[in-house]
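Can you build the whole structure from these sequences, using the hints too?
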Amino acid sequence: MIDRVLAGRYKIVSSLGEGGMARVWRAQDLNTGKYVAVKVLREEYHDDEVFVHRFEREAQAASRMTHPNIVNLLDVGVEPDGTRYLVIEFVSGKTLKQFIQESGALRPDIAAQIIIRVLAAVQHAHQNGVIHRDIKPQNILIDKEGTVKVSDFGIARVANAQTTSQDTETVMGSVYYFSPEQAKGATVDEKSDLYSVGAVFYEMLTGQVPFTGETPVAIAMKHLQQPPVPPSRINPAVSPALDYVVLHALEKKPRNRYASAADMLRDVRLALEHPDTILAARAQEERREREARAARKRQERTRKRVRWMRRALVGLFSLGLLVVIALLGYTVTSRVLDARQNTVEVPNFIGKDWQVAAQEAEQAGLQPYLRFDEMPLVPENLVADQDIAPGTFVRPGTTITIIICQSQYDLVIPAVTNLSLAAAQTTITEMGLTVGEVREVPDKASENMVIGQVPQAGTPAYLGDRVDLTISAGIRVMPNLVGMTRAEAEQTLIAYGLPLQEARDETVDDPELVGRVTGQTPTAYAEIAPSSVVLTIGVASSSLYQTTLLLELSDVPEDAFVSVSVINESGSEFEQYWSTLNGGDITLEVPVYSASARTAEYIVYINGEETQRGEVTFQ
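Numbered per my numbering, the sequence shown spans residues 237 to 855.
Simulated from the structure, these hints should not be mistaken for laboratory data.
Keep in mind that a hint or two might mislead.
Taking CB as the label site, the calculated pair distances span [claimed, not checked]: (1) Ala473 with Pro316: 55 to 61 Å; (2) Leu460 with Tyr271: 41 to 47 Å; (3) Thr302 with Gln462: 36 to 42 Å; (4) Thr319 with Tyr271: 15 to 21 Å; (5) Lys489 with Ala831: 37 to 43 Å; (6) Glu338 with Ser299: 31 to 37 Å; (7) Val718 with Phe797: 18 to 24 Å.
Computed from a predicted model, the values in this text were never measured in an experiment.
C-beta: ideal position from N, C-alpha, C; glycine also.
Structure below.
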């Protein structure tokens, strides 16, 4: 195949990989000189209608989509000898899987930015009626410029009411990223893709997949039955809001997931802006609703059992057993009543302290049998499972096995990726662990920054266990300062050892950009040598409404951080003033801005606590 030219244009240069249906080659477009990827149907399938149909289906799906975050289709063709091929973009870079394997858990903000681009691609596909069905890190590419592209729509289907995960042609997707409906061969839709995106997001945030097992079947069963461990329990750097996004995408029932990629995309952005508030509160509310629904279901089950027993008694009379009942008289009646009275409902012990669960079991008339198992990802001394389902009616004295987590480990490996080597060493030793091998590799991360660790964060450990580190040897890159306040940008530059040469003013019409970095030289993520930096700082244009707040602050603590926020037209608040002030009584003049509203609400914070709130009128 090497050196063969397809369509008189695409010269095969080298192999890129192969699958069960096709081989992928690196080729040069002789018309443009650029490199492309050519996917060629295997020769043995040239006359196989099933595989030809699948290949054509892939071309059909790909032709519907053109998007900067999708590996786009460039050409389709059939040679005279029956060779079928697709010409697609050639992406020079790494897969997301390779990034995770090399670095472990990604920094939450970086993971969120990647998933935003994945969701943009998925949203575009769904809008064009295409379901991917195999979203996984291996199918997400990141080129040398940092552009994220979703690839391999090889098992994608044009969405319709008959799209199912059961397909005799191929095994759909990867079991680590399966949706529950894919695992059981049920109908799939756009929400199956969102489940897979949630699984990918989970792996980026934690460095591990949501579920593991010894066999594909075991993993699939966990997708169907087992709730995932919240990412923040594995990586404490994950915010409550990102926890909510991931767990909402990984809901077992499609109706409980995000309605669309756009909805999930909105919440990821919201989680970046408000990591500890809005979505976290929503998660608590939904949890309370689920618990209330579960309680109602238990009550309904109880009522159904009572109604069934009543109907059974009526049926006995209607079947002519009155004579039997009359003969047996009191004996039978008493036995029926005793059967109803001599049953107890099994409580739900899962998640409770084992001592509380044992006590409640005894109070319910059950005989608790306690079994302690090693389950590192379940909080110690809490009930992880029970062998009789909650709500079941059993005879008094029935033995119920209560499974309790009793970890044999004393410690948990901390997350030290994205820390300096010195900070990581301190964190590890303070935890009672030992710093093991320190390996240095070239990387775009700052010099001496930890970019990988073994074991991964969240792994149970014994006192004294060692943690091996991989650190960056250089290729320094410029941090992204856009959107920071000037103070935040200057602090970041100091941390990077970069001097600020100049801060230029730029007139802006958006009040949220006033006082914030709107541009930088060198640009973000550019490779840099020690040099000076030029920043562009937003200043208010004449079109903005503005005024000056006169604030009287009393008993301000020494070196207190004071900020003033304004609630904008959409109801969101944003900072318009921030500074560290000396203690005592202070009179503060604060310029504030608005794009359209004549009045707004302002809030004063001292060391993060609200101290004043009022209304401001703009000129």
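Going through the hints against the structure:
Checked against the hint of 55 to 61 Å, the pair Ala473 and Pro316 passes, with Cβ atoms roughly 58 Å apart. Roughly 43 Å separates the CB atoms of Leu460 and Tyr271, a value that falls within the hinted 41 to 47 Å. Distance hint check for Thr302 and Gln462: the Cβ-Cβ separation is about 39 Å, which falls inside the suggested range of 36 to 42 Å. About 20 Å separates the C-beta atoms of Thr319 and Tyr271, a value consistent with the hinted range of 15 to 21 Å.
Separated by about 42 Å at the C-beta atoms, Lys489 and Ala831 satisfy the suggested range of 37 to 43 Å. Distance hint check: the CB atoms of Glu338 and Ser299 are about 34 Å apart, consistent with the given range 31 to 37 Å. For the pair Val718 and Phe797, the supplied restraint of 18 to 24 Å holds, since their beta-carbon distance comes to about 22 Å.
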